[in-house]
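If you're matching positions, the sequence shown starts at 1 in my numbering and goes up one per residue.
Simulated from the structure, these hints should not be mistaken for laboratory data. It is possible that some hints are incorrect.
[Claimed, not checked] Beta-carbon label-pair distances, calculated as ranges:
no., residue 1, residue 2, range
1, PHE51, LEU31, 15 to 25 Å
2, ILE57, GLY26, 32 to 42 Å
3, SER101, ILE38, 16 to 26 Å
4, TRP159, ILE7, 17 to 27 Å
5, SER122, LEU32, 20 to 30 Å
If you're wondering where the values come from, they're calculated on a predicted model, not measured in any experiment. Glycine included, every Cβ here is placed at the ideal spot set by N, Cα and C.
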Amino acid sequence: METEGIINHTIISIAGWLLGTSLGWGTGFALLSLWRKINPDPQRLSPFALFIPWRTIVLGLLMVNYFPIIPLRWLGFGNETGILSVAFVVFWLSLIFVLQSAQENQQNSRFWSWARTIAVFSVLLTAHFGIWGGGGLGFVAEQQLMTFDFASAWMYFAWMIGIALVIDLVIASGQLSVVRYTVQEKKAG
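Could you build all of it, start to finish, from the sequences and the hints given here?
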């Protein structure tokens, strides 16, 4: 085995994880603190707030780093680019986890929330595995990037983000139904 490769992989993984997690958790808790100042009574939150597509927004930001073109332009090849790319993804995933952990305590609503996150994230996974398996928009976007046709590649990424948005909002409709049903049961009981 190549010792240098193992060491570099370990450094990139751990440094990216520590940087991304610390920034993601810090940002997440700061946003929650700000949100609680704006809305001190979580029971007064409009059910339509479920339709805020923050998962899709995060997915879009992850798509920007799907092929780490921006860090490569800034830093070139090397550990710094790897650390920054890993930290970027871990930051957004950590932020998602913090925001989801602070949602209302209704277990059935939380399951819907987790299902939404997994469903939206599956769009990114499909793009990634499509490159290697030769299917889906990820494969087509990768072909465009390899020919330096960045405009077309970004168009395919935009389509993938659109797919994620539709999935996110459709599942939000189901989550809204569950929340309304739970509220009605609490009032009746």
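Non-conforming hints, listed in increasing numerical order | The structure breaks hints 2 and 4; every other hint is satisfied.
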